[in-house]
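Colleague: Knowing the structure of chain V, use the given hints to seat chain B on it.
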Amino acid sequence: MIYADKSVGVIVQNITGRQGRFHTELMNDYAREVGGRGVVAGAAPGKGGQEVHGVPVYNTVREALREHDATASVIFVPAMAAADAVMEAAHAGIELAVVITEHIPVHDTMKAVAYAELHDCTVIGPNSPGLLSPGECKLGIMPAHLATRGGVGVISRSGTLTYEVVDELTRAGIGQSTIVGIGGDPVIGQTFVDALAEFEDDPWTEAVVIIGEVGGNLEEEGIRSTDLPVVAYIAGVSAPPEKRMGHAGAIIEGGEGDARSKIRRISALDVLVASRPSEIPELIRGVL
Amino acid sequence: MKLLEYEAKEVFSKYGIPVPKGVLIRAPEEIAAHLPEIGDALVLKAQVDVGGRGKAGGVLFADGATAVETARDLFSRDIRGVPVGRVLVEEKLAIEHEYYVSIAVDRSSRQPVILFADAGGVDIESAALADESAVRRVIVSPLLHDIPPFLMRELLGDAPKELAPAINRLYHVFREKDAMLAEINPLVTTPRGVYAADAKLIIDDNALARQGIAVNRDLSEREREAEKHGFSYVELGGSIGVIGNGAGLTMSTLDLIEFYRGRAANFLDVGGGADQERVMHAVKLVASMPGVNVIVVNLLGGITRCDEVAKGIIAADVPPKVIVRMAGTNEEEGRELLAEHGYRMLGSMDAAIRAAMEVSA
Chain V
114 MIYADKSVGV IVQNITGRQG RFHTELMNDY AREVGGRGVV AGAAPGKGGQ
164 EVHGVPVYNT VREALREHDA TASVIFVPAM AAADAVMEAA HAGIELAVVI
214 TEHIPVHDTM KAVAYAELHD CTVIGPNSPG LLSPGECKLG IMPAHLATRG
264 GVGVISRSGT LTYEVVDELT RAGIGQSTIV GIGGDPVIGQ TFVDALAEFE
314 DDPWTEAVVI IGEVGGNLEE EGIRSTDLPV VAYIAGVSAP PEKRMGHAGA
364 IIEGGEGDAR SKIRRISALD VLVASRPSEI PELIRGVL
Chain B
94 MKLLEYEAKE VFSKYGIPVP KGVLIRAPEE IAAHLPEIGD ALVLKAQVDV
144 GGRGKAGGVL FADGATAVET ARDLFSRDIR GVPVGRVLVE EKLAIEHEYY
194 VSIAVDRSSR QPVILFADAG GVDIESAALA DESAVRRVIV SPLLHDIPPF
244 LMRELLGDAP KELAPAINRL YHVFREKDAM LAEINPLVTT PRGVYAADAK
294 LIIDDNALAR QGIAVNRDLS EREREAEKHG FSYVELGGSI GVIGNGAGLT
344 MSTLDLIEFY RGRAANFLDV GGGADQERVM HAVKLVASMP GVNVIVVNLL
394 GGITRCDEVA KGIIAADVPP KVIVRMAGTN EEEGRELLAE HGYRMLGSMD
444 AAIRAAMEVS A
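Line order of the protein sequences matches chains V and B. For the first sequence, the working numbering begins at 114 and goes up steadily by one. For the second sequence, the working numbering begins at 94 and goes up steadily by one.
Simulated from the structure, these hints should not be mistaken for laboratory data. Please read all numbers here as calculations on a predicted model, not as lab measurements. Check before you lean on any hint, since a few could be wrong.
Heads up, simulated DSS-like pairs for lysine-lysine below, C-alpha to C-alpha not over 25 angstroms straight-line [unchecked claim]:
1) 321/B / 185/B
2) 95/B / 293/B
3) 148/B / 114/B
4) 356/V / 114/B
5) 185/B / 148/B
6) 224/V / 95/B
7) 377/B / 293/B
8) 356/V / 148/B
9) 148/B / 95/B
10) 224/V / 148/B
11) 114/B / 293/B
12) 377/B / 148/B
13) 95/B / 114/B
14) 95/B / 107/B
15) 293/B / 356/V
16) 321/B / 114/B
17) 356/V / 377/B
18) 377/B / 414/B
19) 321/B / 356/V
20) 293/B / 107/B
21) 321/B / 254/B
Per the computed footprint, the stretches of chain V lying under chain B, defined by three or more beta-carbons under 8 angstroms from a beta-carbon of chain B, are [what the hints assert, rightly or not]:
22) 183 to 190
23) 218 to 228
24) 268 to 280
The beta carbon of each residue, even a glycine, is placed where N, CA and C say it ideally should be.
Bound conformation, chain V alone (with noise of 0.2 angstroms):
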C-alpha cells in the first residue's frame, strides 16, 4: 500500500461540482465499508457554509484544514483554475494532491508541480483516475468493485485500461496492494520512477504491473529504476505517428515513443511485456 491508508482525511477540491458530488458519495461508501475516515472536508470558492452528502464545504483548503485533520486532496476542478487549485492545496500543507482534471494546459501544470515540489507537496495526474488501494482506502473515481487486496502493485497511465487489467487480476485470483493512475499527461507528477520507489518501500507488494501507451520513454526509465518484479503492457502498437490518440500524453513525436520500439527496449531489461491484456494474470504469476 503506497500514498495513503485508511488513517488519511481527504478533502475535495470542487466538491461542489458535478464529479465531485457524485465521486465524495463513493469515495465515503468505500471508507465506510473498510473503516476509513474518507473525505472529511470539501473546498469550493464561495460555496462555504453548504454541506454534500453530510460533508461540510469551506470556501478554501486553508479554512477547511483548519477545521479538519486532512492530509490528501483530492481534485476535481475545471482545467483553467486546477493548477491554481494544486497551488492552494500545497500552499495550504496538503502533503498528497490527486488531479483527476483532464485537459489542463501543460504549461500550467508544469508550474503547478515545480511549486508544489517547493511545499513539499505529492502530485498524482493529472488527467489520473486517482488510487485505490483495496480494503484501506480510495482517493479518486476508480470503481472499488473490481479490486481486491493482495500483493500486485499497478501503476497506469490511464483509466479504464487499467480497470480492465485489475478485473483481469481479480478473476484470475490475484489481488492488488495499490493501484494507482498516474495520469494521461505529458506532464505529470508522480511518474512510473516514482511510483515504483515508493512500491519499493512497501512490505505489501511483491510485484508490479506497469500499464504503458505510446509517448515519451517514462516507462522505460522507470523500469530501469526498480529491482522489484515487473510485467508491462504497452497500448497503441498500432497508433499512427503524429496523431493524440485520445491522451494529450499518448502521440508519437519527431519518432519517438512508438509502442512497437518500448516493448523492444523494455523486453531488453529482461522484462516481460504482455501483448495484450488478457495475458498479464498469466505473466505477474511467473514472476511472483
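Modeller: For chain B alone, kept in the frame of chain V given last:
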C-alpha cells in the same frame, strides 16, 4: 497545433526576435510589388506543414529578374504531396554561422528543456544522433520568467554572447504562447546581427482557446465534428470501426484487432459517463466512414450505464453490424435490450474482437 513558418515568425517578431524582411504571397504575380522593399536577393519558402521541406524542393532562391518565374515554379509544386498555396518571400541573409536552438517540454524532469547546437541546419537531427555532445541541454524551472545567466552561459559555451537575447526571447514565446515546442533552426549570425532564419511553433491543444485560436487546423473535418461531441477521434483506414471509453482501453482495443490480424477503421473515445445521445452520435459517426462493415463497442467503467449505451446503439440503427462488449452499471438490462433488437453482447474484449473478425472477413 502547429503554426506555419510565417505565423511563427510573426509571433517571434512581436517578442523582439529579429526575423528577415519578408512578405506572404498567395499568387506568383504578387511578388513584383514587394521587390523594392525586400531587395534583390530573395528566398522563396513554401508555407506547407511538411518536415524536410528544403530537401523536398520547398525552398528556392531568386533575384529580381527571376522572382516571378521562380514563384510560378514554386506555386506549381507539390511538397511531399502537399500543394503550395502560400509562399513566404524573404530577403536572403548574409549568413556567417548557423546555430540550432529549441525549447520543449521535458516529460522526465517535468520542466522546459532548452537544446542548443553550434551547428544548425537541415541535418541537425542526424548530427545530434551521431554525436550527442554536439547538442547542449539545460533544464529551466517553469517558475522562472527568464533563463538565468548561468544557464545561458552553460547553454552557449563558446558560441557568441550576442545570441543570448534571442534565446531568452524564445523562452518568453515558449512560456507565454503555451508552446509544446519553440524552435529556431537555423538561428544565424550576419554582419547586421542575429536572425531567426526559420521558425517553428507548436501550441498546446489544451491552451488554444486562451491563445485566441478558435479552430485546430491539425484536425480533419470529421475529427473536428467528433471533437464537438466531446469525442477523441482518429481515422485509421481499416474496416473495423471502434468505439471505446477511455483512451487506453480504446487504444488497447485497436491493438487487439491488430493482434488478431484485422485492421481498425478508427479510434473513438466517447469519454466517461456516455449517455444514449452521445453513444448514438458515436455509432453514426463511425458508421459514416466508407468501408466500415462492423463496429466493436468496448465500454467499461463505474459510471457508464449499460442500458443507456444499449439504447444509443439501438437508436443509431446503422447498417454495419455492431458487436458490444460492456461491463458496468445495469449490465443485465443492457444485455436484454440488445438481445431484443438482435445485437450481440460478449463478455470479454478478446471474444468481441474475434466475433468482429468473423464478420469483417
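Colleague: Run every hint past the structure and note whether it holds.
Modeller: Comparing the hints with the structure gives:
1. With a C-alpha separation of about 44 angstroms, the suggested pairing of residue 321/B with residue 185/B is violated against the 25 angstroms cut-off.
2. Restraint check: the Cα-Cα separation between residue 95/B and residue 293/B comes to about 8 angstroms, which is no more than 25 angstroms; the hinted pair holds.
3. About 23 angstroms separates the Cα atoms of residue 148/B and residue 114/B, which keeps this hinted pair within 25 angstroms; it holds.
4. Under the criterion of a C-alpha separation no larger than 25 angstroms, the hint pairing residue 356/V with residue 114/B is inconsistent with the structure, at around 34 angstroms.
5. Note on residue 185/B and residue 148/B: the hinted pairing holds, with a Cα-Cα distance of about 18 angstroms set against a maximum of 25 angstroms.
6. Only pairs whose Cα atoms come within 25 angstroms are accepted, and residue 224/V paired with residue 95/B is accepted, the gap being roughly 23 angstroms.
7. Note on residue 377/B and residue 293/B: the hinted pairing is violated, with a Cα-Cα distance of about 38 angstroms set against a maximum of 25 angstroms.
8. Between residue 356/V and residue 148/B the CA atoms are separated by roughly 24 angstroms; this keeps the pair inside 25 angstroms, and the hint holds.
9. With a CA separation close to 20 angstroms, the supplied pair residue 148/B and residue 95/B stays within the 25 angstroms bound.
10. For the hint linking residue 224/V to residue 148/B, the alpha-carbon distance of about 39 angstroms lies beyond 25 angstroms, and the restraint is violated.
11. Restraint check for residue 114/B and residue 293/B: satisfied, since their Cα atoms lie roughly 17 angstroms apart, inside the 25 angstroms limit.
12. For the hint linking residue 377/B to residue 148/B, the alpha-carbon distance of about 42 angstroms lies beyond 25 angstroms, and the restraint is violated.
13. At roughly 22 angstroms between alpha-carbon atoms, residue 95/B and residue 114/B fall within 25 angstroms of each other, so this suggested pair holds.
14. For a cut-off of 25 angstroms, the pair hint linking residue 95/B to residue 107/B stands: about 18 angstroms separates their Cα positions.
15. The straight-line distance between the Cα atoms of residue 293/B and residue 356/V is roughly 18 angstroms, inside the 25 angstroms bound, and the hint therefore holds.
16. For the given pair, residue 321/B sits about 40 angstroms from residue 114/B by alpha-carbon distance, which is inconsistent with the 25 angstroms threshold.
17. For the given pair, residue 356/V sits about 22 angstroms from residue 377/B by alpha-carbon distance, which is consistent with the 25 angstroms threshold.
18. For the given pair, residue 377/B sits about 12 angstroms from residue 414/B by alpha-carbon distance, which is consistent with the 25 angstroms threshold.
19. Pair hint residue 321/B plus residue 356/V holds up; C-alpha atoms about 18 angstroms apart against a cutoff of 25 angstroms.
20. Annotation: proposed proximity of residue 293/B to residue 107/B holds, straight-line Cα distance about 15 angstroms (limit 25 angstroms).
21. Between the alpha carbons of residue 321/B and residue 254/B the distance comes to roughly 48 angstroms, so the proposed pair goes past 25 angstroms and is violated.
22. Under a criterion of three residues with beta carbons nearer than 8 angstroms to beta carbons of chain B, the stated coverage of the region 183 to 190 of chain V fails, only 0 such residues being counted.
23. By the rule of at least three residues with a Cβ nearer than 8 angstroms to a Cβ of chain B, the coverage given for the region 218 to 228 of chain V holds, with 9 such residues.
24. Taking a C-beta to C-beta cut-off of 8 angstroms, the region 268 to 280 of chain V contributes 10 residues in contact with chain B, enough for the three needed, and the coverage statement holds.
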